[in-house]
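Here the protein sequences line up with chains L and S, keeping their order. If you count the first sequence from 1, position 279 lands on 279 in our numbering, and the numbers rise without skipping. If you count the second sequence from 1, position 170 lands on 170 in our numbering, and the numbers rise without skipping.
Any given hint could be a false lead.
Here are the simulated distance ranges between beta carbons [unchecked claim]: (1) R26/S with R541/L: 45 to 53 Å; (2) R26/S with V499/L: 21 to 29 Å; (3) N166/S with I433/L: 39 to 47 Å; (4) A5/L with D193/S: 56 to 64 Å; (5) Q176/S with I36/L: 56 to 64 Å; (6) S406/L with F11/S: 14 to 22 Å; (7) R308/L with S134/S: 19 to 27 Å; (8) S134/S with R491/L: 12 to 20 Å.
Source of the hints: derived by calculation from the structure; they are not laboratory data. Model, not experiment: these values are computed from the prediction. Note that the Cβ used here is the ideal one computed from N, Cα and C, for glycine as well.
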Amino acid sequence: MTRRAFRALTRHFVGAIVEPPILSDVGIDAFRRTLISAASFFICLGGFLPRIFTKKYRLLSQMPSPEPYLSAWPGDTLFTLALPMYVIGFAAVIVSPMLFPDETDYRVLTPLPLKRVELFAAKLTALFIVSTAAILIVNAVLSVTLPAVIGGRWAPHPGLVRVPAHWLTACVASAWTVSAVMALQGACLLVVPERWRHRVSSAVQASVFLMLLVSVPFFVRLTGRTVNADTVWAAPQMFLPPIWFLGLERWLLDGSAAAGYARAAAAAGVAWAVTLSVIGLAFVSLFRSAESLAGTAGNQRVSNVRRRVGRWLRRRTIVPSPQAAIIGFALRGLTRSRLHQFIFTVVLGGGLAMLAGQIAWMVEGRTLAATRPEDAISAAIAAPLLVALSVVLGLRAAFLLPLDRSAGWLFRLVDDPRTRGPALNGVATVFNIAAVAPATAIALLLQPPLFGYVTVVAIAMIALASLSLVEIVLIGWRRIPYSCSYLPGKRHLTYTVAVLLALYVFFVGIGSVIVRGSLLHPARMLFVGGLLMASFAALRRARLRTLGTFPLEFEDEDPAAVILMPLN
Amino acid sequence: MFEVRDLRKQFAGIEVLHGVSFRIARGEILGYLGPNGSGKSTTIKIIAGLLDPNSGRITLDGADIADDPPAFRRRLGYVPEEPNLYTHLTAVEYLRLVGLMRDLPAVALDAHITALLQLLDLELASYGPLSSFSKGMRQRVLLAAALLHDPDLLIFDEPFSGLDVNASLMLRALLQALQRRGKMILFSSHQMDVVETLCRRVLILYRGRVAVEGSPQELRSARVSESLEEVFAAVTEQEDYAARAEAILDAGHR
Numbered sequence: 001m002t003r004r005a006f007r008a009l010t011r012h013f014v015g016a017i018v019e020p021p022i023l024s025d026v027g028i029d030a031f032r033r034t035l036i037s038a039a040s041f042f043i044c045l046g047g048f049l050p051r052i053f054t055k056k057y058r059l060l061s062q063m064p065s066p067e068p069y070l071s072a073w074p075g076d077t078l079f080t081l082a083l084p085m086y087v088i089g090f091a092a093v094i095v096s097p098m099l100f101p102d103e104t105d106y107r108v109l110t111p112l113p114l115k116r117v118e119l120f121a122a123k124l125t126a127l128f129i130v131s132t133a134a135i136l137i138v139n140a141v142l143s144v145t146l147p148a149v150i151g152g153r154w155a156p157h158p159g160l161v162r163v164p165a166h167w168l169t170a171c172v173a174s175a176w177t178v179s180a181v182m183a184l185q186g187a188c189l190l191v192v193p194e195r196w197r198h199r200v201s202s203a204v205q206a207s208v209f210l211m212l213l214v215s216v217p218f219f220v221r222l223t224g225r226t227v228n229a230d231t232v233w234a235a236p237q238m239f240l241p242p243i244w245f246l247g248l249e250r251w252l253l254d255g256s257a258a259a260g261y262a263r264a265a266a267a268a269g270v271a272w273a274v275t276l277s278v279i280g281l282a283f284v285s286l287f288r289s290a291e292s293l294a295g296t297a298g299n300q301r302v303s304n305v306r307r308r309v310g311r312w313l314r315r316r317t318i319v320p321s322p323q324a325a326i327i328g329f330a331l332r333g334l335t336r337s338r339l340h341q342f343i344f345t346v347v348l349g350g351g352l353a354m355l356a357g358q359i360a361w362m363v364e365g366r367t368l369a370a371t372r373p374e375d376a377i378s379a380a381i382a383a384p385l386l387v388a389l390s391v392v393l394g395l396r397a398a399f400l401l402p403l404d405r406s407a408g409w410l411f412r413l414v415d416d417p418r419t420r421g422p423a424l425n426g427v428a429t430v431f432n433i434a435a436v437a438p439a440t441a442i443a444l445l446l447q448p449p450l451f452g453y454v455t456v457v458a459i460a461m462i463a464l465a466s467l468s469l470v471e472i473v474l475i476g477w478r479r480i481p482y483s484c485s486y487l488p489g490k491r492h493l494t495y496t497v498a499v500l501l502a503l504y505v506f507f508v509g510i511g512s513v514i515v516r517g518s519l520l521h522p523a524r525m526l527f528v529g530g531l532l533m534a535s536f537a538a539l540r541r542a543r544l545r546t547l548g549t550f551p552l553e554f555e556d557e558d559p560a561a562v563i564l565m566p567l568n
Numbered sequence: 001m002f003e004v005r006d007l008r009k010q011f012a013g014i015e016v017l018h019g020v021s022f023r024i025a026r027g028e029i030l031g032y033l034g035p036n037g038s039g040k041s042t043t044i045k046i047i048a049g050l051l052d053p054n055s056g057r058i059t060l061d062g063a064d065i066a067d068d069p070p071a072f073r074r075r076l077g078y079v080p081e082e083p084n085l086y087t088h089l090t091a092v093e094y095l096r097l098v099g100l101m102r103d104l105p106a107v108a109l110d111a112h113i114t115a116l117l118q119l120l121d122l123e124l125a126s127y128g129p130l131s132s133f134s135k136g137m138r139q140r141v142l143l144a145a146a147l148l149h150d151p152d153l154l155i156f157d158e159p160f161s162g163l164d165v166n167a168s169l170m171l172r173a174l175l176q177a178l179q180r181r182g183k184m185i186l187f188s189s190h191q192m193d194v195v196e197t198l199c200r201r202v203l204i205l206y207r208g209r210v211a212v213e214g215s216p217q218e219l220r221s222a223r224v225s226e227s228l229e230e231v232f233a234a235v236t237e238q239e240d241y242a243a244r245a246e247a248i249l250d251a252g253h254r
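So here's chain L without its partners, still in its complex pose (with noise of 0.2 Å):
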C-alpha cells in the first residue's frame, strides 16, 4: 500500500468519525457548522471561564496566610482538570461505536489490495488524529488561561512550571478518558458474545454516557471542598479519576514530596497501563478473528419458540390499526438502533443529572433523614415533573432523528388522510405513556411518606401536567418517528438553550410550586386540578382538530432557507 493510498483511507475513516452517515448533505453540512461552533465555543470558554477564578485568586493573594490559598488550589485545579476531561469523554462516548474497524469497513475495505494491519493501522491513525485534534481544541486556551490565574503570592509554584505542568496533565487526563471508553468497548468486543455484541455495547455506550451526566452534579461538588495530601487518597474520591490525575499534577510539580498525592499519581499509572492492555488485546483479538466482522448468516435462525411467541403476541394486538404500527415501529426503532437509544439517554440523562444536583444540593452537609422537610417536599414534586420533562424531550429527540433515510420511501408511499391521523395518534400515545409512566413511578417512590392519601391528587395533578407538556410539543409535529431528513443546528443554540431553559422554568420550577401549593387546601386543590384538566383538554382539542390535514413531513425544514417563489 502506497503512502497515498494509505492517506486516503485514513482520510475516509476520519470522516466516517466526524460524519454521520444518518445525515442527508445538507445535515452535514450542518453537523459540521456545529462542530465548528463547538470548537469555537471551547476556545472562547478558555477566555471567558478564568475571569470566574480572577477576582477569587485576587482576595485569595491579599490573604495574610497563605493557608487559604493553599486549600483552595487543589479543588480549583480538580475542576480544571475535570473539565476538559468530561468534555473529551462526552465526545468519545458519541464516537465510540465508530472505535473500531466495524462490518462495513470489512466488507467494503477487504477486497481491496491492502494487509488487514494496513487497514487496522489507519483506523488507528485517523482515531489518533481525530482524538488529538479534539484534545488540543479544548485544552489549547482552557487548560493554559485557568492554571494561569490560579496564581498569586502564596502559589508554591512560579506560571511557568505550574502552566506546562497542568497543560501537559490535562492533555494526559483527556487522552486517558478517550483510551478509557476505546477500553470499555474493547471489552465488549473481548468478554460479549458475537450475537450479543451489538447491543451490550450499545447498552455500555448509553449506560456510561448517563452515568458522566449524573455524575457532573456530585463532581462540582466534590470540587469544592477541601483537597489535599490527607484526604486525597481516601474513598470516595479516590476511585474519581480527575482525582489520580491532579495526584499526577503534584507529582509532576512537587515529586516525592507529593505525599498523598504520589498515590493518586500511580493509580493515574496503573489506569493508563489497564486501558492500554485492554485496547491492545481488543486490537489483537479483532485482527485475529477479523472474520467475524463480516457478520453470520446465523442472525436468521429463530427458534421455534420465538416464532411461536410472535405470533401468538400478534393474534393478541389490541389495536390493530395504523395507531398499532406506528406505536411499534416507533419502539421498535428506540430499542434496536443504537443512535437513537444513544439519544434518548443523552436527554433523559441531562434531566437525571440535574435531578442528581437538586438531591446533592439538598442533602449537603446532612444525612438524608435529616434532610430539611420543605426541600423534600419541593424534590418529591419537582422530580415526577423533571423525569416527564426529560423523558418527553428525550423521545422527541430520538423521533426527529432519521433512523435509515434511504427506507423512508415507504412512508411517502403509504401516506394516506384515513390513516394519518392514526398514525399520528400513535406518536402522541408512546409520548403520553412515556411522559406519564416514570413520572407517576417516581412520584409513587417519593411522595407517600410525605404527602400519605394526597399522593393520589399529586400523581393526578402531575399526570395531567405531563400530558399537557406532551400537547405542546406535539403541536405542529407531522412527523412519523425516524422517517423525516434532519438539520442537526438549524436554529442557533441560545435560542435552543432558551427554549428548554423556559420549559423547565415553566414546567418543573413554577409546576411543582403550583402543585405544591394546592396540595394544602382542598379548594385549591379543586382550582388547580380543574386548570390543568381544562388546559390539557383545550391543547389535545386543539391538536386533534388538525390532526391528519395537513401531509406528513418527511424533509427538515431550515428556518434560515431561501425560499424559492415559483414565479415562472
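For chain L, the structure is supplied; the task is to place chain S on it using the hints.
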C-alpha cells in the same frame, strides 16, 4: 387504463424528462426500457409520488392522480429498484407495518403475510432482522409488501436484481398471473429476454424522451433486428461494443 401524458421533470435546471407519454391497459405489462440515466427511475418515482413532476398529467381510469394522490396510492403497488427497508425490523414486522399503514384488516393481514412469506420462501427467515437478509431476500420482502393490498397498478423497477434462478422463474410466473387477473403493470428491466417474453408492448426511453414504442415484434421488424437487445442498442446509439470495450481497456494504460 393508466395513462402518462407529456411528463416533464427538471433537476437543477437540467431537463431529464422531455414530455414522456404512454398508456397501460388492464391486463397489460408495459416493458419500460432505457439505458442508465435515461429517466426510467425518475418516471417511476413520479408515478409513485416520491418526486413531483414539473408538468404533465397522470391518470388512472380517467382520474388525474394529482386530484387525489392517496386514492391513487391505495391502488398502487411498488417494488423499487433498491431494496431499501427498515432493517431493524423483521420481515413480519415490516409487512405488518405496511399492511396496517394501508389500513388492511388485521386478522386477514396476518394470514396474508404468513402465506406470502411461505410462498416467497421466506418463512424460515421471517423473524430475523432484515439487516441479515441478502439482496434477493429483501427484494422478495418488497414484492410481498407491494402485493399485500391487491393493487390494480403495479410498478416493478428492476425486480429481478439479486434474485436467484428459482426466485426469478417464480417472479416471471407471478407477473403473468397478475396480467391474467387484469392488473396494469409497468415493468422496468435491463433483462431483454425477460421483457420480450413477458411484455406485449415495449417502450424505450433515451435521454428523457420516448425513442420507440410498440410490441417486441413490431420493433424488431421496423429495425430489421433479430432481437430486442439489438433494437435497444440501435435506438440508444450503442452499436460498436467491441471497439468501445477495447477503448475501455486501453483507457487506463495510455
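Evaluation of the provided hints:
no., hint, verdict
1, R26/S with R541/L: 45 to 53 Å, "holds (46 Å)"
2, R26/S with V499/L: 21 to 29 Å, "violated (55 Å)"
3, N166/S with I433/L: 39 to 47 Å, "holds (45 Å)"
4, A5/L with D193/S: 56 to 64 Å, "violated (41 Å)"
5, Q176/S with I36/L: 56 to 64 Å, "holds (58 Å)"
6, S406/L with F11/S: 14 to 22 Å, "holds (18 Å)"
7, R308/L with S134/S: 19 to 27 Å, "holds (26 Å)"
8, S134/S with R491/L: 12 to 20 Å, "violated (42 Å)"
Hint check: violations occur at hints 2, 4, 8; the rest are consistent with the structure.
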